[in-house]
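Asks: In the working numbering, the protein residues as written are 2 to 78.
Mixed in with the good hints there might be a few duds.
[Said to hold, decoys possible] Here are the simulated DSS-like cross-link-like pairs (lysine-lysine), alpha carbons at most 27 Å apart as the crow flies:
id: 1; residue 1: Lys37; residue 2: Lys6
id: 2; residue 1: Lys19; residue 2: Lys37
id: 3; residue 1: Lys19; residue 2: Lys33
id: 4; residue 1: Lys19; residue 2: Lys38
id: 5; residue 1: Lys33; residue 2: Lys6
id: 6; residue 1: Lys6; residue 2: Lys19
id: 7; residue 1: Lys6; residue 2: Lys38
These aren't lab readings, by the way, just hints derived from the structure by calculation.
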Amino acid sequence: MVDVKCLSDYELQNELDKLGFSPGPILPSTRKVYEKKLVQLLVSAPCASPAMNGHRELDRAQDRDDSEGTLMSCTAR
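Could you build the full structure based on these sequences and the hints that come with them?
Replies: Right, here's the structure in full:
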């Protein structure tokens, strides 16, 4: 695991962004909060590679399309 205390502010922000969390400004007063958040995200992050995540996104898009169709047929009754 990455030693979050050794990351620069820029690296900390990039790591958080990679995991889908958009941090505010990283300042001396907020850094510890973002370090803790990064550790939480790293521990809970799925082990799948980014290539696998692309397939999941496609599945989610198809699920959304299916649910929209169902919703439309329910309201049309």
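Asks: Hint by hint, say whether it matches the structure.
Replies: For each hint, the structure was consulted:
Between Lys37 and Lys6 the alpha-carbon distance is near 10 Å, which keeps this suggested pair within the 27 Å criterion. Between Lys19 and Lys37 the alpha-carbon distance is near 16 Å, which keeps this suggested pair within the 27 Å criterion. With a C-alpha separation of about 18 Å, the suggested pair Lys19 and Lys33 falls inside the 27 Å cut-off, and the hint holds. A threshold of 27 Å between alpha carbons decides the hint, and for Lys19 with Lys38 the separation of about 13 Å falls inside it, so the pair holds.
A C-alpha spacing of about 9 Å is found between Lys33 and Lys6, which places the hinted pair at or below 27 Å, so the restraint holds. Only pairs whose Cα atoms come within 27 Å are accepted, and Lys6 paired with Lys19 is accepted, the gap being roughly 17 Å. A C-alpha spacing of about 12 Å is found between Lys6 and Lys38, which places the hinted pair at or below 27 Å, so the restraint holds.
Of the numbered hints stated above, none is contradicted by the structure.
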